[in-house]
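The whole structure should be built from the sequences, with the hints applied where relevant.
Heads up: the protein sequence lines correspond to chains A and B, in order. According to my numbering, the residues represented by the first sequence are 1 to 172, in order. According to my numbering, the residues represented by the second sequence are 1 to 830, in order.
Cβ-to-Cβ under 8 Å is the rule here; a few derived chain B residues that face chain A:
{"#": "1", "residue": "11"}
{"#": "2", "residue": "43"}
{"#": "3", "residue": "46"}
{"#": "4", "residue": "51"}
{"#": "5", "residue": "52"}
{"#": "6", "residue": "57"}
{"#": "7", "residue": "58"}
{"#": "8", "residue": "59"}
{"#": "9", "residue": "64"}
{"#": "10", "residue": "70"}
{"#": "11", "residue": "132"}
{"#": "12", "residue": "294"}
Don't read these hints as lab results, they were simulated from the structure. A virtual CB, placed ideally from N, CA and C, is assigned to each residue, including glycine.
What follows is each chain in one-letter form.
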Amino acid sequence: MTRLEWFEDLKMGDRAAFENLVKETQNMVYRVIYAHVQDRTVSEDLTQETFLKAWLSLNGLKDPLKLNGWLCSIARHTAIDWVRKQRPQKTLVPHLSADLGEGSDDLLIRARRVLKELDPYEREMIFLRYQQGLSYKEIAAAMEMSSSGVGEKLFRIRAKMRESIKKREESI
Amino acid sequence: MKCDDLRIKISYYLDNELPASEQKELLEHLDSCDTCSKLLSDLQQADNLVTAATSNVRLQKDMTLEIQRLLPNKAKRNTSRTLIIAAAIMLVVLTPLGLGLFQKQEPLRLVIRGNVEVTGNVIKTHKGQEGVVQLADSSCITLKENTEIWVERSSSVIHMLTGSAFFEIQNQPQFRVTTPVAQVRVNGTKFGLTLDGGADMKVAMLTLFVISGMVELVNAKGSYSFLEGEKVFATSNESPSKINVEDRRALELERALHWLARHQNEDGSWSIVGCIKNCGKHGRSGKCEPTEGDDEYDVGATGLVLLAFLGAGHTPESKYEKNKINYGNLVDKGLKYLLKIQDHSGRIGKESDHLMYNHILASLAITEAYLATKDTRLHESVDKALNYLKKAQNFSGDGERLGWRYIPRCGDNDSSVTGWASMLLRSASQAGFKVEVDVIVGIYKWYWEATDGETGVVGYDRRWEPKYPLGAVIRGLNGKDKFDILPAVTAMKLVAYLPFRTETMQELSEKEIEQVKKLVKELGDDDPLSREKARTELKKFGPRVVEHLKPFVNDKDPERAESVRSVIQAVKVSVKFQKDEFSARSVAKLLEFLPAWDEKSREVDFYYWLLGTLAVHGMFKTETPERQKWDKAMMKALIDSARQNGEKDGCKEGSWEPVDRWSCKGGRLAMTAMGALILELYQGMRVLGIYTRDKEDIVKLIKNLAHNDAKVRDETAKKLVSIGDVVRPYLEKELKETNNEEVRKACSQILETLRKNQEQREKLLRDKKFIRDGNCSTGGKCFEETGHTDDIKSCARCSKEGAAHSCCRVCKDCAKELGICITCRKKIAK
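The following block contains the structure:
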């Protein structure tokens, strides 16, 4: 079966094709959500929710090249909705504090703190680049921006990471 | 090559995204430059760290099976229904028109979703149901309730028998929709079709609404082409007639207002998220999902909705009723709700992170209502609300007033809240409330700070600088690093700069001149604190005071002369902020960001569209090319979005789908209220305290009073009455100058109607409006106990000079006659 045929089946709501999609993209969806909510359990729940929404809106799918973008956008909106609903309780920050995980390595702990301080979209980009290994073009499609925008943004995030790590090193 | 230029290339290189041709150049440079080489190794280290730090962000288990289990059974029905259509039968049975045009093609698969009944090749929806038919080339047909279509084998021919549907057709030169009325030929376009008529369709009527592209309509009379934005009625044997834009705007406005009316809460308020609870209460089917939004802004949204009703001329006295909802009662209830939640400090709405939006919008609604009704209950509320607003204004480091932010006097300013505050102050000044010059100068000063002189672009919370990619420092909701708020705050600035018609800009009154004299005397006081106080007070008079200070510039008391000079200097500086040469550049910038309906990119921005229209109409009072450019784009965007207005008779009808950039805040409710306000602007109504209709428009309207057609004359007279008292001087002028007896008669009649309306308002005021429910607990002695002083010059009831009370505006004698307490405005029990 070619990818295009698979995509046609997916559009028609074929369960096997959808299973394939989940297998292929579940970690990406999880990471996009995690970038916004920073909580493992919640991210897992929202990953499920994202795929359910995707299943129910397969008719919104038109271009196989935009599959990642479509899925990431559902994931992102699901995550943002969740974050927004949490805001009134103001429990978000304490709830998340220990979640990115602590390592034994000092540097690692520092890097994770820096990550926590980034804005959610920047975190999302980091996960897509460093863990999903997506190219600029793919990230651009997933985050609805231009490739050059991705390049510039990643450069800025890198510089920010470098500065923050340096500062922390100096302050210790 | 400069190191600075290469920095970003190092990042590209690390990501394997640098073209081979540039890699060589970079590597050569790295060999010779220690700084860049160090940067590369630092970034590599940072990269390794990030990879390690994010490596644990992954699912701990495979969720495939779990998700498969959770997929709803309903989806089974959603999985494909594939129709292989028997073409021969279709052609014989179903094609009343254009049979010879069809070409046979390969059988195609269709995807059908939603609640539809499929029998052979007939697809049908019942009451309250909706379905989508997707053709193989991704063309989409959305069937509204009670609709029936038959699909041809080629799928490039659809037979529509009844109901309404939206078509989004890809590039298919052969695509046709046949109906009992006419045939519709299209190619790569979007349009809506509605068929009305009896069961036999003998007297059927078709409504075609072209959303984009071009549509050709063929009936027994001939072939006609229609372009985007056009709406047409057609029958089988008459030429199709276009529905004009003005009618369409009026229709959409009516639908939007009715949606808002249907979703009011019992207590008079409106809820952004909770509005859904009111769905179905008025016999409409379906739920208005999704609502989107954040209920933190409910009070502000209530204000915005009330402004939409007030803009359309519905005041608490309005008798207008639609489907058993009385708009006057609805506005009255809404205003009462806002008055009820106002606290002793004047604040409307709870303490929250963004409370100023709530306070300002609610106050603006009350002020506009006061302006329309002169209801004294509202007067007191506006007074308190203005005091709160003034207290919330920020001060700069040198003690001068600046702008506002989400929360009172927090030191930060932003161009959005400040703009809303300016609208409230403008409306209040028109309603006769005192607005000090320094408060307004604060607004000018903030925008002066925030505007980039080169481009005219306004920043959101600081001055915009070209180094920002597109504007202010706020991120778009779609993750684009786009600084999206830019055009909206630039428009907001232009709106804030529209002229204030305030008394404070006029000559000083005699009382004020006395005050100035007293203050000048104090400038020579020995106590430096008193001198400082006098200087501050004098500055508050603004530029008007200069003439009265000039005689003291060379006063023999050097202390006083110096102070006088410093006050004049300060006032002149403040004038600088009011003269803004950047406005032309700002408006040119707006014209680069024209409204366009594209829900996918979240470029839809009703907040910007509303302010942009206000700004462009404020700047260009006549039909200049710039204004035409904006209006064309705005109308197209609104007409495009009108298809979103829900199915006919469904609960969603009249509302806009919450796909707007700010839907996460205001949701469907605020979007619909703003949609209504934009439509009102184009209908020439007063919106958000701003009246953009130019005097030339009024003059043109008055000329229509001499029109040959009696119908046009009647319509014109009605329009002039609906515009209100603003037209009075123009009518009086016309009355003096014209010799046309008809026109003179019409002018007198309109003036008489306006006078009667005014009288009626005043009568309501005199008779009952200022009396509160309940009895005065002190038997009418509140006044004496509080020792409240009178400062209103004439009584609202008997017009006697120098006797009225500040909060209820009637004199003691009238209060006694009416049997009410002058202070608490409750009845005195006899």
